[in-house]
Amino acid sequence: DTAVSQTPKYLVTQMGNDKSIKCEQNLGHDTMYWYKQDSKKFLKIMFSYNNKELIINETVPNRFSPKSPDKAHLNLHINSLELGDSAVYFCASSQEGEQYFGPGTRLTVT
Amino acid sequence: GENVEQHPSTLSVQEGDSAVIKCTYSDSASNYFPWYKQELGKRPQLIIDIRSNVGEKKDQRIAVTLNKTAKHFSLHITETQPEDSAVYFCAAIISNFGNEKLTFGTGTRLTIIP
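If you're matching them up, the sequences are chains A and B in order. When you line the first sequence up against the working numbering, it's residues 1 to 110, in that order. When you line the second sequence up against the working numbering, it's residues 1 to 114, in that order.
Just so you know, these hints were derived from the structure itself, not from any lab. It cannot be assumed that every hint is accurate.
[Said to hold, decoys possible] Keeping only pairs whose Cα atoms sit at most 20 Å apart, straight-line, the calculated SDA-like set for lysine to any residue is:
1. B:K42 - A:A3
2. A:K44 - B:T24
3. B:K101 - A:F42
4. B:K42 - A:I45
5. B:K22 - A:F42
6. A:K40 - B:S12
7. B:K37 - A:P103
8. A:K44 - B:I112
9. B:K42 - B:I112
10. B:K101 - A:S39
11. A:K36 - B:K37
12. A:K44 - B:K37
13. A:K41 - B:I47
14. A:K44 - B:S12
15. A:K36 - B:L46
16. B:K101 - A:Y49
17. A:K44 - B:S9
18. B:K37 - A:E98
19. A:K40 - B:L40
20. A:K40 - B:T10
21. A:K44 - B:G41
22. B:K42 - A:Q37
23. B:K37 - B:N99
24. A:K36 - B:I112
25. B:K37 - A:S39
26. A:K19 - A:V60
27. B:K101 - A:R106
28. A:K41 - B:K22
29. A:K36 - B:S12
30. A:K40 - B:H7
[Stated by the list, open to error] Stretch by stretch, here's where chain A covers chain B in the computed footprint (C-beta under 8 Å, at least three residues):
31. 13–24
32. 34–43
33. 104–110
All C-beta atoms, glycine included, are put in the ideal place defined by N, C-alpha and C.
The task is simple: from the sequences and hints, build the whole structure.
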C-alpha cells in the first residue's frame, strides 16, 4: 500500500487558472506538509499542519491555501497561477520528525 | 529561526572512494537529524537519521556523526557505487510530542564517477 499518495502526478495549466493537488496518507500520522521544489532542487516548506495547528511559511503567497478535510488528507489549492509557480510539489506526513514523502506533482504553468 | 547550511553543493567522487557531506545548524533545540536521498525524478527518501542523544550511527556503507557542541553533523558514504549518485539533503528538526519544526539543507548533488 502506498503510504503517501498525491494526485495528479503531472499538471499543465495556463497562467491565471486555479488548480488543486490532493494528498492522502494512510500512516496515521498527525502532521502533514507541503513542500515546493524548484529547478535548483531546493526543498522549501510551504505549510505544516496537524489537527491542532496550521503553520504557514510567511514567504508563501496567499494564493496558496491548504485544506484538510480530515487527518489523512491535506490538499493544496492554488489561485491565479503564475509562471513562477512551476515546480514539483511534494506532500509529506511525519511522526516524531521522520518525513514520508509523496511521489510529487510536477506543475507546469504556461 | 533555525538555519541549516549544507556543503558542498556538488561533489564528484571516484567509484570506490568515500564521500562526506556536512551540515551545520543554529538552533540548539534541534534534536533530530535525518538525511534524505533523492534520485532523479523521484521523491526524497530517508536513508539514515540520528537523534541528539547519539554521537554516531552506522548502517552498512552509510554513517552519520553528530557534534552537538559544534552544532554540525555529517553523512559519510564509504565504498561508493554508481547507484549512490543522487541529491542528498540534511535536515534539522525540533521534535517535541507532535510539535515539529524542521529546516532542510540546500542539498548536495553527488556524482559517482565509474
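Problem - Hint check, failures only - result: 8, 10, 14, 23, 24, 27, 29, 31
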